[in-house]
Amino acid sequence: MQNKKLMTIPILLLLALVITGFAYSHYQQILTIGGTINTSELDLEFLPGSVTSKDVGLDWTVKSTCDPPTIIMPPTLLDKDVGSTTYLLKDTDGDGDLDKLELTIDKVYPCYYNHIDFWVHNNGELAWKITKVIVNDGHADHEYTNLFTDCFDLDNDGKCDIVLRWGDSFNLQTKYCESLDISFDFHIVQDAPQGETLTFTIKIVAVQCLEL
Amino acid sequence: MKTKMTAIFATLMIALIFVGFAYAHWSQMLTISGTINTGEFCIGIRNVGTDDDPGDNDGVPNAAVGDLDPGYDTILQKCTIYDKNVASATSTNIGDVKCTKKDINYYEEVKFTIDDAYPSYCPMFVLEVVNCGTIPGEIDSMTIHIVEKDEDGIVIADGIYDVIKGDWVWTTAPPATGTALDDIKPVKYKIDIDCDGDFDYKGTNIDDMVDDLKKEYGDRIQLDECDGFAIWLCVHFEQGLPADLLPMNHTIDITIITTYMQWNFVD
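Top to bottom, those sequences are chains A and B.
First residue of the first sequence: 16, per our numbering; consecutive thereafter.
First residue of the second sequence: 1200, per our numbering; consecutive thereafter.
Just so you have them, the derived chain A footprint on chain B, three or more residues with Cβ under 8 Å:
hint, segment
1, 1234-1246
2, 1328-1335
3, 1452-1464
In case anyone wonders, no lab produced these hints; they're calculated from the structure.
Here a beta-carbon is modelled for each residue, glycine too, at the ideal position from N, C-alpha and C.
The whole structure should be built from the sequences, with the hints applied where relevant.
This is how it looks when you write it as structure tokens:
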């Protein structure tokens, strides 16, 4: 027992010396890795000059139903220019991108129809795809992840005022510098109130897309 | 023990992958805002007056001072003035104000009343029809409802004339003789397009009057935004044939119901 204890002391001592000796005796070199991370940008904008409206003079009409929501093609040209649709692209956050399309639809009446077409441009660095469209009819958000036709009650009187149809622009990969053609059409229906101002908002949500 | 640790590690990794996925994607949003200003469909009517209202208080000057009765000379085929004030013609706006244009109210309905009429009496009625909305309108249907009662208040004729189809539907068909209906004839009209005080069309019978309106506004009298017209119409009470004179003490209610519809809805 006494011998074992005596053996342990020199061994521990040796180990300590080895470690100490190693620590003091090694040569050292420093290698440095410097990292600068430039994150890429996911960005999209309404392509300037790309917005078109079918109504550029004489009005168009079409038939539609609200149950189920349907717009029955084709539209037909009327003999009068009563209603009108004007549009304006805006840069709301001052970053140079046109991020808002303002539509003003004037003097419309039951059966007025219009088709709005525009291009969304990938002005970022990452590919993206449209995954969701959110329509707000003034009192609720309605989310869509596929092409849709739906009726909206804009004055909250329990009756449909407008039938809106969104084209198939979902989940299409759009790479840097590419543009995606998107369109929707709408039809004012019989229960739309006279002499009123109604509003709606459509949000187009694009997410980064890693499929190459 | 080792298996358990592996399972915990694997689960953690999977959870992190999912969490990482959920938080890792970037998204951007574009906005479309729509403002819809709906138009207004409103076609109204108003009585302007008659040329023989008691006291001459309406918008049309009476034919003669002292409310002397207007008449019609069938030989000369021109209007004349009698030397007595026997009959009278009045007009009223009925219903709610549908719209207002240039501070003038337009209504749903106009009612004309003729009292104490006699053979040769010939009052003039003036009314205006205006589109005071923003949406063009066309006549979808036009019917004339006539009820004639005899001196005992008994209905001797009750029918509806569909102007578009051109046919009568009688609930009580008028007798061959003895009605006042067949003795009342429009003899003169004037149309003032745009209600500017100038007469654009003149004539002597209803068919021509409708044709003139069609010339101006198309087959269905389409009124665009701000369009309007005034009609001045003289109605003559004829003597009638010797065997079928204009009967005395009969009451005739004539209601003209015109349904205007948004122009692109009319077939």
